[in-house]
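Let's have the full structure, built from the sequences with the hints guiding it.
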Amino acid sequence: MAVSVKVLHSTTVQNPDGLAVDWIGRNLYWCDKGKDTIEVSHLDGKFRKVLIRTGLEEPRAIVVDPADGYMYWTDWGERPYIGKAEMDGSNVLVLVNRSSESMGWPNALTLDLITRQLFWADAKHDYIATANLDGGNIRILAQNGPSSPLHHVFAMTLFEDKLYWTDWESKAVLYCNKNNCSSITTLVRTAIRPMDIQVQHPLRQRP
Numbered sequence: 025m026a027v028s029v030k031v032l033h034s035t036t037v038q039n040p041d042g043l044a045v046d047w048i049g050r051n052l053y054w055c056d057k058g059k060d061t062i063e064v065s066h067l068d069g070k071f072r073k074v075l076i077r078t079g080l081e082e083p084r085a086i087v088v089d090p091a092d093g094y095m096y097w098t099d100w101g102e103r104p105y106i107g108k109a110e111m112d113g114s115n116v117l118v119l120v121n122r123s124s125e126s127m128g129w130p131n132a133l134t135l136d137l138i139t140r141q142l143f144w145a146d147a148k149h150d151y152i153a154t155a156n157l158d159g160g161n162i163r164i165l166a167q168n169g170p171s172s173p174l175h176h177v178f179a180m181t182l183f184e185d186k187l188y189w190t191d192w193e194s195k196a197v198l199y200c201n202k203n204n205c206s207s208i209t210t211l212v213r214t215a216i217r218p219m220d221i222q223v224q225h226p227l228r229q230r231p
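Anchor point for the sequence shown: position 120 equals 144 in the working numbering, and the numbering is continuous, going up by one each time.
Just so you know, these hints were derived from the structure itself, not from any lab.
Restricting the straight-line Cα-Cα distance to at most 35 Å, the calculated cross-link-like pairs of lysine-lysine (DSBU-like) are: (1) Lys73 with Lys108; (2) Lys59 with Lys186; (3) Lys186 with Lys148.
Simulated restraints, written as ranges between beta carbons of each label pair: (4) Thr139 with Thr209: 18 to 28 Å; (5) Ser124 with Ser207: 19 to 29 Å; (6) Asn203 with Phe71: 37 to 47 Å; (7) Ser126 with Asp158: 14 to 24 Å; (8) Asp158 with Gly128: 15 to 25 Å; (9) Gly49 with Ser171: 34 to 44 Å.
Model, not experiment: these values are computed from the prediction. Virtual Cβ for every residue (Gly too), placed ideally from N, Cα, C.
What follows is the structure in structure tokens.
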């Protein structure tokens, strides 16, 4: 089956990393760690705009909650943090940083629209954690060890009661129960480092 590819943005981006789709407003959000920006455009590439250009060092992952009008992102710069803002880039908040949790390279990020939780993985300290959408009630779900193979998590997604993520060091896609991550299972191994991972389902798009 032939796949048609359309280039939306090329010469005016440097190092686009995280990518998220607003399924209600039909917009595309992304982090550019070369320009240190968070930007948006329509899904057809039109009406592009820089939303955030300050306070960013190494913006990496981004997720959106268009029903409530917020976006969340990770930044693994010298002052790593997880941020939150309205989807027009206003009212920027730092939800989690070194003062609230041991944080090195917050890489992966996903959002549970049902339980209203954030999940993220730190690729320096090798753990998976969760928090409320206001940054409270932080819990470490899994830490690298003999029973929890977490070496360099790059991307993460969620569906129903399972967390799924890609790991660069083990070159694999793995998953666990989102409530406790007590048992980690390897879903598939890859020949090269797996990059992003997404689940496409109506439950992942709250109206």
